[in-house]
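Letter by letter, the sequence shown follows residues 1 to 589 in my numbering.
Hint data in this document are derived by calculation from the structure and do not stem from the laboratory.
Worth double-checking, as some hints may not be accurate.
[What the hints assert, rightly or not] In silico lysine to any residue, SDA-like type, Cα no more than 25 Å apart, as pairs:
(1) 56 <-> 67
(2) 56 <-> 259
(3) 421 <-> 259
It should be emphasised that the depicted structure is a prediction, and the values quoted were computed from it without experimental measurement.
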Amino acid sequence: MALGGTALVDGAAIVEKTKSTVERERWDKKIEFLLAVVGFAVDLGNVWRFPYICFKNGGGAFLIPYLVMLIFCGLPLFYMELALGQFQRCGCLTVWNRICPAFKGIGFAIIVIATYISWYYNTIIAWCVYYFFSSMQEDVPWKTCDNEWNERYRCMRYPTDDRLNSTTGLFCYTAHNTTSCIFQNQTQTSTEQYFEREVLGLQYADGINHVGGVNWMIALCLLGVFVIVYFAMWKGIKSSGKVVWVTATMPYVVLFILLIRGCMLEGSMKGIIYYVTPVWNEIAKTDVWIAAAAQIFFSLGPGFGVLLALSSYNRLNNNCYKDALITSSINCFTSFFAGFAVFTVLGHMATIQGKEVRDVARDDVGLIFIVYPEAISTLQVSPLWAILFFLMFITLGLDTTFGGLEAICTGVLDEWPVLRKHRKLFVLFLIIYCFVGALATTTYGGIHVVQLLDSYVAPIALIFVVFLEAVSVSWIYGVERFSDDIKSMLGFKPGIFWRVCWQFLSPAILLFLFIMSLISHVPQPYAQYTYPSWAISIGWIIVMSSLSFIPGYFIYRLMITPGTFRERLRAVFTPIEVPDHGYAEPVPV
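The whole structure should be built from the sequences, with the hints applied where relevant.
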């Protein structure tokens with residue numbers, strides 16, 4: 001069923017249109033496209049977020065809701081965006097001229113969300129860069145309490161410190177012939193102090209109310225990240241397609257090495273058992289299913305505009321159905337595989353500290369910058385393991401950044417083709433804009449800005465964006481018309497399973513997630529920090545700043561369209577452009 005009318009364009013007009021346009025840039029090799037998609041989908045969250053979510057929500061039993069949500073929501077949406085981008089051959093703005101002009105605001109919302117994400121996501125990569133270079137020493141700098149950044153009176157050496165009385169729980173520090181004691185819960189490990197006091201400089205800030213000045217070392221690391229991103233993107237997929245050979249494969253090499261090393265540590269099996277042991281009564285809880293749906297959704301990445309952009313450079317007859325199955329499977333396997341590498345180390349930490357695994361695992365960036373570095377500091381040749389670990393995270397992050405910014409570039413350049421010959425300048429402008437926007441996250445209290453943005457930029461707005469996208473494709477453009485588009489590319493129509501998911505199951509799951517996110521959304525702070533009410537208000541303003549483009553553009557489009565109200569309403573729901581398939585391939589009519 002399609003609400004929009006049929007565009008009054010025949011096959012001859014399509015052929016004439018394609019003759020008048022320049023052939024679209026294409027991937028040099030199919031493998032470069034696959035690596036780019038995998039590199040975007042597999043990001044930092046696969047390594048630190050998924051293992052914790054799995055462990056927290058039933059261990060091995062969590063795989064049941066996880067796989068169900070993959071099959072009925074994640075994979076259908078992933079396939080839909082790859083097929084949509086490949087057939088329409090355009091980015092997140094122009095595609096709505098060919099589906100439903102009334103919802104073109106979705107494309108603008110995607111671009112706004114992508115820029116917000118670039119403001120904080122690249123700062124996390126910058127922290128990894130700082131650790132990467134700091135590790136190039138005789139020993140890792142976070143191992144001791146004898147550095148200028150340490151508060152020595154409450155800095156506890158990891159993994160054991162003879163100043164701690166395990167019976168009384170008191171930690172005593174002697175200086176200038178005076179002994180002072182505090183309780184263990186008032187102490188910090190040397191690794192925690194390194195991250196908070198040396199890397200972030202939290203001692204110079206007072207929460208989000210007073211974030212302090214810019215931490216110029218982090219700002220320089222961020223600048224280095226954006227320089228790499230610029231030269232990877234300035235020539236389009238011709239340059240980024242070569243970079244992903246390294247950035248998309250390197251994490252797997254390092255992850256495998258870290259897994260082997262982790263399995264050799266004392267107590268590693270304790271961590272693995274905690275990770276995979278099924279807790280069957282957990283899967284009856286609604287929260288577990290919500291967690292599974294959210295993890296699948298944000299792991300595969302529909303709605304970011306990236307899958308549309310990357311697949312738009314494919315050949316028309318490329319088997320995007322097979323690509324969707326392959327890349328989504330790799331993504332989910334990576335998440336599960338990474339859990340073993342993470343929990344072997346957590347099991348080792350729990351063993352040497354005499355704690356339970358749940359007491360050392362954590363669900364924030366502390367897993368990357370505190371928990372794992374603590375374990376690394378106990379290993380022989382610890383700088384080598386630290387360099388490998390943070391190299392893995394840098395490459396994971398860069399791939400996702402390439403994809404997010406390429407979605408913006410493709411969307412804007414397709415909408416305003418005159419800018420294509422100035423791509424290098426446009427990418428430079430975009431990089432400068434993102435760097436300036438990210439400076440707030442490089443302040444001494446920047447981690448609170450990062451967590452606020454991470455809590456509000458994508459989790460709510462993006463779910464609603466994809467919900468509208470699924471409804472637009474299936475109900476306005478029409479699932480039958482969309483299926484015919486796929487048949488013209490692949491030679492066969494999608495089966496009934498895919499069409500039912502696109503029309504009913506996936507939108508229903510997304511709508512449920514959106515409603516739950518509105519009802520129960522709580523910002524995820526760092527280290528139990530409580531956000532003031534004004535900061536939470538800013539978070540909701542951020543949400544609305546992207547979503548407001550959807551009704552705003554609809555009203556604008558309705559106003560500029562001639563005719564009676566009924567004629568205008570029908571016109572804005574009718575496609576006004578046809579796909580440009582280039583003249584190197586047959587054009588379906």
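Practice task
Go through the numbered hints given earlier and state which of them the structure violates, listing their numbers in rising order.
Solution key: 3
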